[in-house]
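Chemist: These are the residues of each chain, in order.
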Amino acid sequence: MSISETLRKIKEQKPLVHHITNWVTIYDCANIVRAIGALPVMAHAIEEVEQMTSISSALVLNIGTLTVDLVESMILAGKKANEKNIPVILDAVGAGATDLRTNKAVEILEKVKISVLKGNSSEIGIIAGAEAETKGVEAISVKGNLVEISKKLASERNLTVVITGKEDIISNGKDTYICKNGHDMMGSFVGSGCMAASAIGTFAAVEKDYALASTNALSFIGIAGELAAKTAKGPASYKTIFFDEIFNLDKNKIEEMIKIEKRE
Amino acid sequence: MSISETLRKIKEQKPLVHHITNWVTIYDCANIVRAIGALPVMAHAIEEVEQMTSISSALVLNIGTLTVDLVESMILAGKKANEKNIPVILDAVGAGATDLRTNKAVEILEKVKISVLKGNSSEIGIIAGAEAETKGVEAISVKGNLVEISKKLASERNLTVVITGKEDIISNGKDTYICKNGHDMMGSFVGSGCMAASAIGTFAAVEKDYALASTNALSFIGIAGELAAKTAKGPASYKTIFFDEIFNLDKNKIEEMIKIEKRE
Amino acid sequence: MSISETLRKIKEQKPLVHHITNWVTIYDCANIVRAIGALPVMAHAIEEVEQMTSISSALVLNIGTLTVDLVESMILAGKKANEKNIPVILDAVGAGATDLRTNKAVEILEKVKISVLKGNSSEIGIIAGAEAETKGVEAISVKGNLVEISKKLASERNLTVVITGKEDIISNGKDTYICKNGHDMMGSFVGSGCMAASAIGTFAAVEKDYALASTNALSFIGIAGELAAKTAKGPASYKTIFFDEIFNLDKNKIEEMIKIEKRE
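Chains as they are written, first to last, in this note's numbering: chain W, 1 to 264; chain F, 1 to 264; chain P, 1 to 264.
Accuracy of the hints is not assured; some may be wrong.
[Stated by the list, open to error] Under the rule of at most 20 Å between Cα atoms (straight-line distance), these lysine to aspartate or glutamate pairs were calculated in the EDC-like manner: (1) P:K84 - P:E50; (2) F:K84 - P:E50; (3) W:K233 - P:E226; (4) F:K135 - W:E12; (5) W:K174 - W:D209; (6) P:K11 - W:E138; (7) P:K111 - P:D99.
Hints in this document: simulated from the structure, not taken from any laboratory. Note that this is a predicted model, so its numbers are computed, not measured.
Just need the whole structure built from these sequences, with the hints factored in.
Modeler: Next up, the structure:
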């Protein structure tokens, strides 16, 4: 499906997108799902995560402020999502910065069938076994060709890999996309990465080709980010306009601005 | 008291409004209390909740991201609030979506004397024993007449029931109010429901007729919501203007726009 | 270093500022660090706090929604920061309101070598042993001269004390500064106090004179606050403009508006 068709389907079906996420950007994650037209729900109690997942259409896991208990809830919810055959997005925030983050990201990947693994270049690099440095939640460096890393990791783990950056790389091992939408100002405020994962979860709730769903979601928010840059005066007014654009973007604007490249 | 008199009293007394709430909208809950002119405090540690409640003028409990531990803190704080005879608001976020939420909402109602029970139609419907469906934190359906459900539940439990929706229904079993203020755009961003509970808590801190306090609080934020819709360009600019209006609303504007209907 | 030199160094080095903070303003704390040009990271799991601190350039501890477990993580991280000789900021949010807050603030001070202890007048007053009242997280009253209290406490504990208020007082026992920048509207929304601590942490990451770093940070955000007041229409638009100004402020504007007084 095209971006516009996906958006139409989201607004029609209002899929429930269950998050177990971090405490920093939890509001923005919920808010972008709502702005796109779906229903967010945030629920992490071990006693309810399975039941909440079982009424949801997608599950987004984000380890930005993980604890051991929270990851336990993520794994339970993830297994239920696998049973129900709904997509599971894993945002590996900070993998590489501490052993806890790296190890828990890998543990989740081992115990849950993840549909889309998302991170910046060093987060994904570390999980792929490359030499990489993550400073907090920021990519500093990674050795190797990112497109090759994404393709190889996607094939090995049988999932879609998303590497966000100046250009986003999306690969399921066979299809590889480069998304060139976006704007530097998206990095001027906290949370655009987390929101990208939530947008991917929302698109994947109605589009079963997860590489395409991820690419379209990133292009969509990237276009909103480009439009916001035209009138914003700083990071806070930028974020306001960015959200307004997410809510308002129409088919014509999207088709005019979309910049996705498919690679073999 | 009228809305304006209530607001004046709030700005004068600056009541402390203690919240034990969810991690998604916790900031907005605090922020609306401040914008109205009172003092918010968020404190959930089991070791301090009683002491914090004991210096507060209202207690707001919100189960939006409940855990078993958090509910334990809520019950302790609630009992202290009952001892001190200050109002306790319970926002039953997601009741009906999972057993944990339904059961804990009921457990709090059994163990704490709640002053105002607030929810959307399906959340309240479920607690009232009606057939209802909650999708995450969104009302999907409820069987039965909402006004009758609110009146009956209010009488049975001896509290004020608030059902939010296109029109808000408020009943203490005897007095029933319909608040017709508000705007669809209030649902375009996450958190207006939670903020409504915090506003009710703030009004109830200085107005002992809790049905009136709840109705006035909902009308007040509804008016701000109507005004915001006039110039907003999307959900984020809408929310900014909404908060500015909450802060700025004056007596004349309120009296001109108030739409409350009292039913026997 | 001057404010402008400090800002330039921050943008150049992009120091990592590790926070263990509260769940209300956690987003804004991260966001102000980013707006200034540094990298925020929020991490509280006991298993990773030491490792995260060990790659950071400053540590900000904020007890706004403390639990016993969270304070344990703070102390572990604080000890690691001491080992690494990076600055540790303690924001004693709500000290005096409950015994838990007062006792834990003091416990952290005993177990960790704090570089900058920050609070409002009653929070600092209580820790200094003065008679004081804190209502939630708001200063109500404190007995004694605030400049004297800050100087004495700074000398006794061998740290920098920051008392925020209409005029901010900063003292390391020898150098005492009064910062007169700022605007009443900074109190119209929730979180400016927490953000001040995060800004101090960011400045202290590159300026080893912590009293100067604190004073400059407070003057810097105060100037942004003054500028925001010129066009804001209420607390939410004020906060948006405030963040935009933090991001955009240039050397000339800062030098023109800075209001710092040094006292012997």
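Chemist: Are the Cα atoms of K111 (chain P) and D99 (chain P) separated by 20 Å or less?
Modeler: Measuring from Cα to Cα gives roughly 18 Å; hence the hint holds.
Chemist: So if I understand the rule, the pair passes when the alpha-carbon distance is 20 Å or less; does K174 (chain W) with D209 (chain W) pass?
Modeler: holds (12 Å)
Chemist: Measure nothing beyond the straight line between the CA atoms of K84 (chain P) and E50 (chain P); if it is 20 Å or shorter, mark the hint as holding.
Modeler: holds (11 Å)
Chemist: With the threshold set at 20 Å, check whether the alpha-carbon distance from K84 (chain F) to E50 (chain P) stays at or below it.
Modeler: violated (42 Å)
Chemist: Regarding the pair K11 (chain P) and E138 (chain W), is the alpha-carbon distance no greater than 20 Å?
Modeler: Since the Cα atoms of K11 (chain P) and E138 (chain W) sit roughly 15 Å apart, the hinted pair holds (cutoff 20 Å).
Chemist: Would the pair K233 (chain W) and E226 (chain P) pass a check requiring their Cα atoms to be no farther apart than 20 Å?
Modeler: holds (17 Å)
Chemist: Can you confirm whether the C-alpha distance between K135 (chain F) and E12 (chain W) stays at or below 20 Å?
Modeler: holds (15 Å)
Hint compliance for this structure: hint 2 is the single one not met.
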